[in-house]
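**Q** Sequence:
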Amino acid sequence: MKRNKLKGFTLIEVMMVLLIFAIMLSFVAINTNFTLNESTKLKNFSATLLAKIKLAKQQALFQHATLRLVIQPKQYWFQRLQKIDNQYQWRNVVNDSLLEESQIDQNIIVETSEPPILYPNGDFLPFVIKISNKKHNLQYIISGDDTGAMRIHQ
0 MKRNKLKGFT
10 LIEVMMVLLI
20 FAIMLSFVAI
30 NTNFTLNEST
40 KLKNFSATLL
50 AKIKLAKQQA
60 LFQHATLRLV
70 IQPKQYWFQR
80 LQKIDNQYQW
90 RNVVNDSLLE
100 ESQIDQNIIV
110 ETSEPPILYP
120 NGDFLPFVIK
130 ISNKKHNLQY
140 IISGDDTGAM
150 RIHQ
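Each residue of the sequence shown is one higher than the last, beginning at 0 in numbering that gives the first Met the number 0.
Please keep in mind that the hints were generated in silico from the structure rather than gathered at the bench.
Take the hints with a grain of salt, since some may be wrong.
Computed beta-carbon distance windows for the label pairs [said to hold, decoys possible]:
no.: 1; residue 1: S112; residue 2: L60; range: 23 to 33 Å
no.: 2; residue 1: N91; residue 2: L24; range: 44 to 54 Å
no.: 3; residue 1: Q86; residue 2: P119; range: 16 to 26 Å
no.: 4; residue 1: N36; residue 2: N91; range: 25 to 35 Å
no.: 5; residue 1: K82; residue 2: T146; range: 23 to 33 Å
no.: 6; residue 1: K73; residue 2: L97; range: 51 to 61 Å
The calculated BS3-like cross-link candidates involving lysine-lysine, where the alpha carbons are at most 30 Å apart (straight line), are [as the list claims (entries may be wrong)]:
no.: 7; residue 1: K6; residue 2: K51
no.: 8; residue 1: K6; residue 2: K73
no.: 9; residue 1: K82; residue 2: K133
no.: 10; residue 1: K133; residue 2: K73
no.: 11; residue 1: K56; residue 2: K42
no.: 12; residue 1: K73; residue 2: K134
no.: 13; residue 1: K53; residue 2: K42
no.: 14; residue 1: K42; residue 2: K6
no.: 15; residue 1: K56; residue 2: K73
no.: 16; residue 1: K51; residue 2: K73
no.: 17; residue 1: K56; residue 2: K6
no.: 18; residue 1: K82; residue 2: K53
no.: 19; residue 1: K53; residue 2: K129
no.: 20; residue 1: K42; residue 2: K133
no.: 21; residue 1: K6; residue 2: K134
no.: 22; residue 1: K6; residue 2: K133
no.: 23; residue 1: K134; residue 2: K82
no.: 24; residue 1: K6; residue 2: K82
no.: 25; residue 1: K73; residue 2: K42
no.: 26; residue 1: K40; residue 2: K56
no.: 27; residue 1: K129; residue 2: K73
no.: 28; residue 1: K134; residue 2: K53
no.: 29; residue 1: K6; residue 2: K129
no.: 30; residue 1: K73; residue 2: K53
no.: 31; residue 1: K53; residue 2: K40
no.: 32; residue 1: K40; residue 2: K73
no.: 33; residue 1: K51; residue 2: K129
no.: 34; residue 1: K51; residue 2: K40
no.: 35; residue 1: K134; residue 2: K40
Beta carbons are placed, not taken as given, at the ideal position from N, Cα and C, and that holds for glycine.
Make the full structure from the sequences, and use the hints.
**A** Written as structure tokens, this is what we have:
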């Protein structure tokens with residue numbers, strides 16, 4: 000009788016291949032997770048900023064006030080146009096936590112040529128706000144056009 004020789008891999012060889020595969024997969028998962036987190040942060044920041052601009056538009060309408068968005072590298076806030084001593088001056092919005100100063104994450108860049116100005120009748124000047132990430136090629140654009148529509152583009 001002839002004995003069949005079994006061909007195949009030993010348990011140790013299979014375990015080593017699985018270990019190497021798991022290590023490689025973990026590196027891919029870490030890099031992908033970082034990119035997704037940055038993308039999610041940027042998307043959430045863009046959505047929050049657009050929501051605050053829409054809220055400010057409603058506030059301008061209900062309070063019969065002119066508001067504008069001020070953007071600095073590390074923070075943004077809204078200002079109200081007020082008449083003080085027969086002169087109009089921009090003053091920071093106070094006693095409204097949603098329109099007061101908000102911080103911008105250190106990896107997020109916010110750029111605009113003209114800040115949005117929101118008028119008491121609900122109108123606003125067309126604007127474009129570019130929101131990008133310092134480390135990745137991610138970008139969102141918030142725009143307001145002359146029809147009164149505001150939206151986010153990627």
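**Q** A separate judgement is required for each hint: does it hold in the structure or not?
**A** Here's how the hints hold up against the structure:
no.	hint	result
1	S112 <-> L60: 23 to 33 Å	25 Å, holds
2	N91 <-> L24: 44 to 54 Å	50 Å, holds
3	Q86 <-> P119: 16 to 26 Å	19 Å, holds
4	N36 <-> N91: 25 to 35 Å	32 Å, holds
5	K82 <-> T146: 23 to 33 Å	30 Å, holds
6	K73 <-> L97: 51 to 61 Å	19 Å, violated
7	K6 <-> K51	67 Å, violated
8	K6 <-> K73	65 Å, violated
9	K82 <-> K133	40 Å, violated
10	K133 <-> K73	13 Å, holds
11	K56 <-> K42	21 Å, holds
12	K73 <-> K134	16 Å, holds
13	K53 <-> K42	17 Å, holds
14	K42 <-> K6	54 Å, violated
15	K56 <-> K73	23 Å, holds
16	K51 <-> K73	17 Å, holds
17	K56 <-> K6	74 Å, violated
18	K82 <-> K53	24 Å, holds
19	K53 <-> K129	17 Å, holds
20	K42 <-> K133	14 Å, holds
21	K6 <-> K134	50 Å, violated
22	K6 <-> K133	54 Å, violated
23	K134 <-> K82	43 Å, violated
24	K6 <-> K82	90 Å, violated
25	K73 <-> K42	17 Å, holds
26	K40 <-> K56	24 Å, holds
27	K129 <-> K73	15 Å, holds
28	K134 <-> K53	29 Å, holds
29	K6 <-> K129	62 Å, violated
30	K73 <-> K53	21 Å, holds
31	K53 <-> K40	20 Å, holds
32	K40 <-> K73	15 Å, holds
33	K51 <-> K129	16 Å, holds
34	K51 <-> K40	16 Å, holds
35	K134 <-> K40	13 Å, holds
In the structure shown, a violation is registered for the earlier hints numbered 6, 7, 8, 9, 14, 17, 21, 22, 23, 24 and 29, in ascending order.
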